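Chains as they are written, first to last, in numbering that gives the first Met the number 0: chain E, 0 to 67; chain A, 0 to 67.
Note that these hints are calculated values from the structure, not bench results. Computed from a prediction, not measured in an experiment: that's the story for all the values here. One or more of the hints may lead you astray.
[Unchecked claim] Restricting the straight-line Cα-Cα distance to at most 25 Å, the calculated cross-link-like pairs of lysine to aspartate or glutamate (DMTMM-like) are:
1. A/K17 to E/E25
2. A/K17 to A/D65
3. E/K17 to A/E20
[Stated by the list, open to error] Sample of chain E residues facing chain A (criterion: CB under 8 Å; computed from the structure):
4. N6
5. C12
6. H14
7. C15
8. A18
9. G63
[As the list claims (entries may be wrong)] Pair ranges (Cβ atoms, derived):
10. E/E44 to A/I3: 44 to 54 Å
11. E/K17 to A/G24: 34 to 44 Å
12. E/G63 to A/T54: 47 to 57 Å
From the three backbone atoms N, C-alpha and C, an ideal C-beta is built for every residue, glycine too.
2 protein chains.
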Amino acid sequence: MEKITLNVQGMSCGHCVKAIEGSVGELKGVSKVKVNLEDSKVDVEYNASEVSLDTIKETIDDQGYDVQ
Amino acid sequence: MEKITLNVQGMSCGHCVKAIEGSVGELKGVSKVKVNLEDSKVDVEYNASEVSLDTIKETIDDQGYDVQ
Chain E
0 MEKITLNVQG
10 MSCGHCVKAI
20 EGSVGELKGV
30 SKVKVNLEDS
40 KVDVEYNASE
50 VSLDTIKETI
60 DDQGYDVQ
Chain A
0 MEKITLNVQG
10 MSCGHCVKAI
20 EGSVGELKGV
30 SKVKVNLEDS
40 KVDVEYNASE
50 VSLDTIKETI
60 DDQGYDVQ
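With the rest of the complex left out, here is chain E (with noise of 0.2 Å):
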């Protein structure tokens, strides 16, 4: 099992929160995410046989985020 923290830009609000936790939450191999708004972080625990972090950052994005 694989902890990241990414940084992502533009998430502001409630719905923000549900919409990337919701997508990344989806993702086979992904066992938990959880945003922080007041840091732009997104906290994701994976397993890197299953799901691959660019597949993550991915997802994130096309949610209308940006990952840096």
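Chain E is already provided as a structure; the job is to place chain A on it using the hints.
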């Protein structure tokens, strides 16, 4: 047909626009609703014989925003 511009605090992103325009737009008697994020304003055109201003304000409030 009445026209009003409401000051609404807490709208911050595209999801907020959808939440407000969707819910207010579904009210019977509302013919137009437009959110302006930059100005924190919501323009509404409605038929006062079909829907009250209080109902419109309550609908926005129910989405989690502060109508002033």
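Exercise for the section: Grab the minimum C-beta distance from E/A18 to chain A and call the hint holds if it beats 8 Å, violated otherwise. Expected result: Holds, because the Cβ-Cβ distance from E/A18 to chain A comes to roughly 7 Å (cut-off 8 Å).
Problem - Satisfaction of the E/C12 interface hint, Cβ to chain A closer than 8 Å - result: holds, 5 Å
Exercise for the section: Answer holds if the nearest beta-carbon of chain A is closer than 8 Å to that of E/C15; otherwise answer violated. Expected result: At about 6 Å, which falls below the 8 Å cut-off, the nearest Cβ of chain A leaves the hint on E/C15 intact, so it holds.
Handout entry: Pair hint outcome, A/K17 versus E/E25 [Cα-Cα no greater than 25 Å]
Key = holds, 23 Å
Exercise for the section: For the pair supplied as a hint, A/K17 and A/D65, confirm whether the alpha-carbon distance does not exceed 25 Å. Expected result: holds, 16 Å
Practice task
Compare the distance between the alpha carbons of E/K17 and A/E20 with 25 Å, and conclude whether the hinted pair is satisfied.
Solution key: Between E/K17 and A/E20 the Cα gap is close to 19 Å, so the pair holds against 25 Å.
Problem - E/G63 as chain A interface residue, shortest Cβ-Cβ below 8 Å - result: holds, 7 Å
Exercise for the section: With respect to the beta-carbon atoms only, verify the hint that E/K17 and A/G24 lie 34 to 44 Å apart. Expected result: Violated, since E/K17 and A/G24 (Cβ atoms, about 21 Å apart) do not stay within the stated range.
Problem - Status of the given 47 to 57 Å range, CB of A/T54 versus CB of E/G63 - result: The hinted range 47 to 57 Å is violated for E/G63 and A/T54, with Cβ atoms some 31 Å apart.
Practice task
Could you check the hint for me, namely that E/E44 and A/I3 are 44 to 54 Å apart, CB to CB?
Solution key: Check passed, 48 Å falls within 44 to 54 Å.
Handout entry: Cut-off 8 Å, beta-carbon criterion: hint that E/N6 touches chain A
Key = Violated, about 18 Å.
Handout entry: Status of the hint placing E/H14 at chain A (closest C-beta pair under 8 Å)
Key = Holds, about 3 Å.
In summary, the structure is inconsistent with hints 4, 11 and 12 from the numbered list given earlier, while agreeing with the others.
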